[in-house]
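Q: Going down the list, the protein sequences come from chains A and B. Oh and the first sequence: position 72 is 72 in our numbering, straight run, nothing missing. Oh and the second sequence: position 288 is 288 in our numbering, straight run, nothing missing.
Do not take every clue at face value.
Partner residues aside, some chain B positions facing chain A, computed with beta carbon under 10 Å [claimed, not checked]:
hint : residue
1    : Val52
2    : Ser114
3    : Thr170
4    : Tyr186
5    : Ile190
6    : Met192
7    : Tyr237
8    : Trp381
9    : Arg413
10   : Thr419
11   : Trp420
Listed next, the in silico DSS-like pairs over lysine-lysine satisfying Cα-Cα at most 25 Å (straight line) [stated by the list, open to error]:
hint : chain 1 : residue 1 : chain 2 : residue 2
12   : B       : Lys159    : A       : Lys15
13   : A       : Lys15     : B       : Lys230
14   : B       : Lys159    : B       : Lys230
15   : A       : Lys55     : A       : Lys168
16   : B       : Lys230    : A       : Lys16
These aren't lab readings, by the way, just hints derived from the structure by calculation. Here the structure is a predicted model, which is why all the values come from computation and not from measurement. Idealized CB from N, CA, C, for every residue including glycine.
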Amino acid sequence: MNDNIPWWSSETFWKKTAIWVTGFMFVVLVVLTLDTLPKISVGSERVPAYSVINKHIDYVFNDERNIQVPVIGENAPLFGKMLTEEEAEALVTHGKKITQGRNCMGCHTLLGNGSYFAPDLTKAWLDPAWSSEPEREQYMIDFLMNPEENARSFGSGRVMPDLNITEKEAKAVIAFLKWMSSIDTNGFPYNFTVLDREE
Amino acid sequence: MSFEHLNGGQQLAIKYYTVAIGLFVAQILFGLLSGMQYLIPNFMLGLLDFNVTRTVHINAMIIWLLYGFIGSVYWLLEEESQTKIVGLKLGNIAFWVFTIAVAIVVVVFLVVQSGPGDDATRWFINEGREYIEAPRWADIGIVICILVFFYNVAATFSKGQWSGIAGVLTLDLVALAGLYLAGMFYTTNISMDQYWWWWVIHLWVEATWEVLVGCLMAWGLMKTLGVSRKIVTTWLYIEVALMFGSGILGLGHHYFWIGTPEYWLTIGGFFSALEPIPLVAMVVHAVYDSGVKHSKANNHPAFAWLIAHAFGNFFGAGVWGFMHTLPQINLYTHGTQWSASHGHLAFFGAYATIIIAMMYIAAQYARGQSVFDGNLPDGGWKWKWSLGLLNLGVVGMTVALLISGYEQSFIERAVGGSTWYGYFAAQTHPWFVEGMWWRMVFGFVTAAGIVLLVWDLLTIGKSRKAKETLETSAQTA
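Chain B with its partners taken away, still in its complex shape:
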């Protein structure tokens, strides 16, 4: 398919989206394997142990979301800055370097898997720290690629024009790139290790990523609904104030039990309890604007996924996070399936959804369509079913994991005192096992959803004749 009618940034975005979708599929496949290992304990033992399948599952997720973010920003960059992207060639080189690096890391994770307790292992095989398992050489590669991305964003806006979204986005990327450095050192002191490790994980996921999707949401609402720029920008500032106002010190909810002083119980508990507030603001914003515009979107799948994002972010990150964020509760839930339940709904609801929305916006323009509305040739059954199946699948997994988590916090933690015996007493309890079976069932529902999603993204709008002149966005700048 020819993408010559797209601008440079958009062509680059298509590449990022393509890899993102591939990694999304990999995430789900390895998630299915990990889930199966809970049910059949010896499944792939010695071949692909749980620590391998789970590592690929979560790393594929982090990386595909990053690819999705980078792709989405490249997609809107030239339109938002009203000028051509400054370093397209550099951006393309960074894309290939990043992609080759990711491929090597995945192959090493799968084939080499682990190494001896020396520095070479951490540099070339596996760093062994959850979410940032990528070896150090890859860390450096990631930082360089993110810096190229940052340069492209900042320099393009500087050359063209700045907007509220552009300003927030650029400053957010500074924080995003800078924070990654906090995870790039070795220390034997595990308390210190985890202290800085959370700077990367929390301040990415619960602060800078949230602001980044705030920018995408603002742009997406302008694009699909034609909401006024002034309104989305004001909301964006409100969200940033609330997000960073609660999320930066909300970091403290990871400092309850890692050796850090007791005052973090108060600070972390208080500020992280406020973290759902900006997510409520996002829901209000999205729903109110939809009402004002009578939900007349020019891209139905993208709009539906934007709304799924608003609610998914609120429930997954907000409600599911709040449920166990107070230390009095977290003492019993920390490190149980509660975290897995929260993780599944939050990463999907807050991040996967909005990237899928952006992909549908991209598909609309890439296929030269002025609208993706109710008149899609096949009635749009594929996007509707994939939306339904993916959301049902993830919500189902979330609830199933939560039931297992509840059981675990009672049997293992409150009664069993968190000993190994207590742990296994909980793992073998019928309530736990039933939860795990249901998680598996809904895992397959999710997998069915991704098959349809990929099929739809590859085909939507293809059969309709492209309009010669694309309608420009209805935004009122």
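Chain A with its partners taken away, still in its complex shape:
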């Protein structure tokens, strides 16, 4: 071929570049992954232990970070029962599996990922839709068990279909939602109004 091709446009140069760039970026990704995984493990600062469902969870503006962050408070056991770490894990696990089995992500987003047909569930536990803290647990159970009658559609006419969720399942889903609301999501969702703190 043409010998006058400058080095920077030669096939060999770009072949080597492609290999080195790909290899380097992949190594960097692996290193970052090794750093990230412990930081998002359950029980870490950003992703609390499952027993956090025994506590009061809030989402408060942090001046230093300039975003809202989850704040873990006093004891506030879910459904009035303090759970051990194992019991909490079992309950949250059951809840997560139900959300997958019922394909909740087919309508909702979780941590902002999923579908856009229904509200984001990241901070659903803290949502003012549940009226007040004392009423929240029962309203959530009622909603999940009979979403068509207890619809929270705010005039949209869009209702959640009845997914035949039992009370036991509803409680597990709520445990999962409560735990998920404690994850530090770097301020997502932004400007969120927490239940009982509407001004």
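Since the structure of chain A is provided, determine the placement of chain B on it from the hints.
A: Structure of chain B alone, referenced to chain A:
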């Protein structure tokens, strides 16, 4: 119709293309149902709820694109390697296994729909994770079929001859098959779950798939325009360097809000902002080569779809992705119709287009034609109209969804604070609803386009007498 004049890989490709088109039609039908559910909230409630129609809509898309890719690689395999495919029988078995598995998964999605919160549900009904909802047994089946495909590709090139395209393609398939494994485990920790889930989704769609279509583009330009192999191969390497150079760490733009550390805001924002660069390179490459060759293509529909791919990839994946990739913006757009807008134009522009181009190349040879040029018996109105309608339909949906997305990011996110009330305030706002109506209108335009496309692919070149000797490609190896 007889395909005996085609080589083994090409015959297998025709099978993959046939299923791909069937699933493409299904994707659009279920997309129409999902779109309708935004407008008529109780439409099919309790029968086919939105989570069912939407799941079929997006899974049909992923699978038809995979079928299209596999078909396209099988189509070029023997020609590129200059030898017969090594495991044709195995390839045929894998095709039927894959197809039966897909059929079962779709039936289960439609009929069983969901299950209790136990492991059996995830193994046999629905995994409940967007894009990879397929139950675990099907995951394993997919991996096996992809491994058979990989074996056929790698072993055939090893037996015959390697080329730049062959090398990139084979290494890319290793990554593609390997990454799927990252999505095949259960964890209750949703941050960890989504961390690895994005390895599959992002590193497929924004890295390995992009490189795969880079290979198809290189081959397609040689085939339709007769561009020199040296030029397309050099461009391919440039694209791979830029694609993986930006796309691998661009993964970080999915790690802004899932519990991952704050440094991902910087890394993800920076590298994903670079992701459009390789797509610019692809446009330059395609347009420059077309200019050099005076756009004298031997297959007009395929060439038109290749150009649609170059621009669709740049606008859909590049521009529409860039628009909301910086965390400062993404905070307000993440999980809104912005994502849907981007998704529609990107998947269509980057992937559907090039597979359609490859299908037209296949149709040309399958029907024994040396050219698909301006002298097609009917003036080629069907391919021209389907090209126009499909592109207009998807661009229309994209713009409509974007308008709804803008409204959502203001009303729901910035003002409403993302509460349920804020969400529904946005969903009922006239600007949002109007966007959704326009999306529906353009959805039907897209549907009209697919009807014409299927009709055209079934008939193009059929009425012309096949040339006894097919012209070989004008490539200069």
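Q: Take the hints in turn and mark each one as holding or not.
A: Evaluated hints:
1. Val52: holds, 7 Å
2. Ser114: holds, 5 Å
3. Thr170: With a minimum Cβ separation of about 13 Å from chain A (threshold 10 Å), the hint on B:Thr170 is violated.
4. Tyr186: Cβ of B:Tyr186 sits 8 Å from chain A, so the hint holds.
5. Ile190: holds, 6 Å
6. Met192: holds, 6 Å
7. Tyr237: Because about 4 Å separates B:Tyr237 from the closest Cβ in chain A, which is inside the 10 Å limit, the hint holds.
8. Trp381: Because about 37 Å separates B:Trp381 from the closest Cβ in chain A, which is outside the 10 Å limit, the hint is violated.
9. Arg413: Holds - the Cβ of B:Arg413 comes within 10 Å of chain A, reaching about 6 Å at its closest.
10. Thr419: Holds - the Cβ of B:Thr419 comes within 10 Å of chain A, reaching about 5 Å at its closest.
11. Trp420: holds, 4 Å
12. B:Lys159 - A:Lys15: Holds: B:Lys159 and A:Lys15 sit about 23 Å apart, inside 25 Å.
13. A:Lys15 - B:Lys230: With Cα atoms ~12 Å apart, A:Lys15 and B:Lys230 stay inside 25 Å; holds.
14. B:Lys159 - B:Lys230: It holds: about 22 Å lies between the C-alpha atoms, which stays within 25 Å.
15. A:Lys55 - A:Lys168: holds, 20 Å
16. B:Lys230 - A:Lys16: holds, 15 Å
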